[in-house]
Amino acid sequence: MKFTLSWLREHLDTDASPDEIGRRLTMLGLEVEGVEDPARELSGFIVGHVLEAEKHPNADRLRVCKVATGAETIQVVCGAPNARAGLKVILARPGTYIPVTGDVLKKGNVRGVESQGMMCSWRELKLGEDHEGIAELAEDTPVGARLVDVMSFDPVIEISITPNRADCLGVRGVARDLAASGLGTLKPLDTAPVPGAFKSPIGVRLDFAPEASSACPLFAGRFIRGVRNGESPQWLKDRLTAIGLRPISALVDITNYITFDLARPLHVFDAAKVKGDIRARLAQGGETLAALNGKTYALDGSMTVIADDSGPEALAGIIGGEASGCTDSTVDVFLEAAYFDPIRTAATGRKLEILSDARFRFERGVDPAFVQAGAEIATRMILSVCGGEASELVVAGAEPDWRTAVVMRPGRVEELGGVAVAKARQEDILRALGCAVSEHADGLLVAPPSWRGDIAAEHDLVEEVIRVNGFDAIPAVSLPRPSIAKPVLTPAQRRQGWVRRQLAARGLVETVTWSFLPAAQSGLFGGGDPAMRLANPISSDLDMMRPSLLPNLVAAAGRNADRGFRDLGLFEIGPQFDGPEPGQQRAVAAGIRAGAAAPRHWAVTQRAADVFDAKADALAALAAAGMNTESLMVAPEAPAWYHPGRSGTLRLGNKAVAVFGELHPGTLARMDVKGPVAAFEVFLEAIPPVKAKATKARPLLRLSPFQPVERDFAFVVDAPVPADSLVRAAKGADKALVADARIFDVYEGPGVGEGKKSLALSVTLQPVEKTLTDEEIEAVARKIVDAVAKATGGVLRS
Amino acid sequence: MDELDNIRAEALAAVAGAATLEALDAARVAALGKKGAISGLMSRLGAMTADERKAAGAALNAVKDEVAAAIAVRKGELDAKALDERLARERVDVTLPVRPERQGRVHPISQVMEEIAAIFAQMGFAVAEGPDIEDDFHNFTALNIPAEHPARQMHDTFYFGEKPDGTRNLLRTHTSPVQIRTMLTEKPPIRIIAPGRTYRCDSDMTHTPMFHQVEGLVIDKATHMGHLKGCLIEFVRSFFEVDDVPVRFRPSFFPFTEPSAEVDIGCSREGGELKIGYAREGAQSENDSGPTPTGKGWLEILGCGMVHPNVLRACGIDPHEYQGFAFGMGVERVAMLKYGIPDLRTFFDSDLRWLEHYGFLPIDVPTLSGGLTR
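Protein sequence lines correspond, in order, to chains L and E. Sequential numbering from 1 applies to the first sequence in our numbering. Sequential numbering from 1 applies to the second sequence in our numbering.
If you're looking for bench data, these hints aren't it; they were derived computationally from the structure. Only a predicted model underlies this, so the values are computations on that prediction, with no experimental measurement involved.
Now the in silico label distances, taken between C-beta atoms and shown as ranges:
id	chain 1	residue 1	chain 2	residue 2	range
1	L	Glu10	E	Leu274	34 to 42 Å
2	E	Asp156	L	Ala272	41 to 49 Å
3	E	Arg91	L	Gly749	37 to 45 Å
4	E	Asp165	L	Pro38	54 to 62 Å
5	L	Ala298	E	Glu241	56 to 64 Å
6	E	Asp65	L	Val604	53 to 61 Å
Beta carbons: idealized from backbone N, C-alpha and C, even for Gly.
If we strip away everything but chain L, and leave its shape as in the complex, we get (with noise of 0.2 Å):
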């Protein structure tokens, strides 16, 4: 919403500089989005009065002026056809700023001649197009005055209107407001009746069905004959171009002008094209209307229309028709103001993508107690512009109910506000912003009026109380603390915050990737259920929710590759989507690492980024969520985007907590990125909750006085046996001495016979009691090599 300053001081008696209206308006929640101001650069220009214009010595083009400046007389070279003596100019002095070229003014040396200022053209001040010559002002202009105390310039505030604030899409409730908060007066609006002077030879009516007599509730025209239409004055062009609105006629101009004056749009039709009475009612399907913007709409049972016996002439409260529409050329005129249902405008204006001034204020709500008023001010402003002569108002149905009175408690203000606000302040408000205010039993009794549709109930009073009175006058209280500091994250977001941080300690960077991907993505890791399909994408690459976060990771390492970062580790903590429904999704950790496992380095040999990279991260995660990895079984098992070989899952009973791995070569093939990729994805919710112990104590600590002892033995076994499942099998056989078992070698070949591989196993004994004697190590041992032999199948390696 823009306007003038000018605009408004014809509906506000206020002396406010327009800065202070604009911080006033801010502040009353109008927000103020610019103010532009032509003076705030013109500030160094003075009025110059030419006394002589002598031909440049060297230069036929150029003229040396000697010119007052009210104090002394300088030397000007200058250009321009039109300098000669006698004129009043205006001039700018070394150091005055320069707004078309935004540099400061120096002395010159033109030619060989010295000049001591510049005489300005409008482009130069920015103020107009004309360049052909230097600005020629008024004879009586007082030289040596300022520039911005000669010349009036008027100032162009945008504000940006929130949608419960219908009533200032017109000039005249931004003025009701600033009125109401003490910057200035509303002056009073003229809306006597204009005097018929014939009855109107067109008629109007509404034809709707009962149900849809919302659509229209009033009606009102009139006829005005013998207008001359074309050029608007200027004052009106002025005003509407310095707001973005093109001038068009007068008629135009003036509905125009009352749409962003009044928050009341009207519409024109020339009366000779009009076929009968006018009428609302719902289009038919298969009507059309070529609209004034030169487009043909189709439209159909839910629109409200304003048709004549040839069909539909506009669509009501949207956009006017074509056919009907004023020219330079019309000489009777029917005007139109009615009351237009917010939402059915909304609707048709959205379906046909119609933004006009006139929806945007219909569906916002306009006044519906001011249909006539907003007629016969137009009808005026015609009169006065294009002459003619009105017929009288006709009328079809009546106002809206829109009345109601709300109890206010002007105790609430401070209950709510937290700001004392004197009762008779509450009240003096209230009036200003135009509602009816009188005692009640409870309070007050409030009735705000017909153009504040947004005020209903008693909190929206207390907050109009609160935001005249300025919300800089609420005091600040600090909100009562809790007496002990508990913690406030759940178990679940500490864990989260847990394993970000053990990951990023890893050397793996965190990233946040979209929650959506491509559908061919989402299928080569087990989406791809068309109900997880977005209606409305942002684009068709983002238009399934994701079922792992991996494709995206993968996607993110494709494209860093593509600038020259091939090595790399990447996780994301995120949610997956499992189902449509709300709550059908999973928190998970999920990285990758590409690439090469670590950089290039002379003592270091180095190695693709490989499963057990994956594993690594995913077990770590795991123990910094709280979780004893002990506990988990690895199956080697994987959805089908890992490689089949080379991937596992960790269970903790039958429950999958992790799953990691290489990645198909397949999948990564499909989605055009380099592998090999290590993968991990940690399923947060699966973990089981840390349980709340009694105490915080730690179990005591049991040391054993008695030296551990180490023996390796050498297995071999069958090439498919796991590993995990000799270590398993080595720690159960004696699990008060067996403290760790761990795999330090793994080999296959010549030696150890064909499908058979040598496992090498390091056993940790811990005495507790005493010092282990020979015997006793070697009973260990056999219960050991018995252990593995039962389980694996395994036999000492000779």
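Fit chain E to the given chain L structure using the hints.
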């Protein structure tokens, strides 16, 4: 005893002259070995008288000890020399790089959400969460956003396909549905923040189809707008770690709060760089649409207001008994302001260079005790 003197002199000379541990050992054997010179003299003691033996034995033992001590000293010298030589051989170029370790980072969005949670935790707010996929009721209806509200149109909200019952799910457009879910399941007093992913059908220089919000909600019997101001001023100052950052509340409109306000913070520019708070007090005018290239101005950072009675009612809370405030802020926006990140879209690019530059070290856990940020 000339013989003993000779043996002593020879042995000591041999020890002193031993250039290697092997030579020293040979000298030791020659003097003290079983067949060595001193041992030879020892064996003769048995043939002596007791008195002779006493005198000769003492002299012999003294020589033996002296030689043994000389050997020990010489061995020490030779050992030290050998070690020096070994260490000299073991010299490496210490300017060579260490074995590589990757340094991970925490994404600024995660870090900033933790910072926000740390501040509100101190004020007694718990962290609540809710689903990304929502239904109409939780995202709109319960929040006093009527069916014909423009926000419900396809151009703002991501929808899923229509279900057999005619309804359709959507991606939450704000984290406000978490408010609703909390109020439906918990009784006041309520004090929560709800961080999370949010989605809008928008993509340009300053919008991404997914972004993050932190929503806050306080419901009890007495919380009013003064508390709202106090709480958010404290938050802003803690978060930006600037004690005197100017904070302005100006009236606005949201369907789910009334009165509603937008919160602006005062900023200034110095040398082209945005500074939260005023660098210098001066004649520069305040600019409502952000700081001018050389001056100061206001930047909008969050929206807030008193919870609308219709919202309370939709959640089964009696608005005559309870009231409170809600607020919501864009995580990326405050992160950009605080950490000088120029472009919103880069948050979601996964560009390694960006992540390493703007990301945080895992040890940088935001705490109030240590200051949120290093």
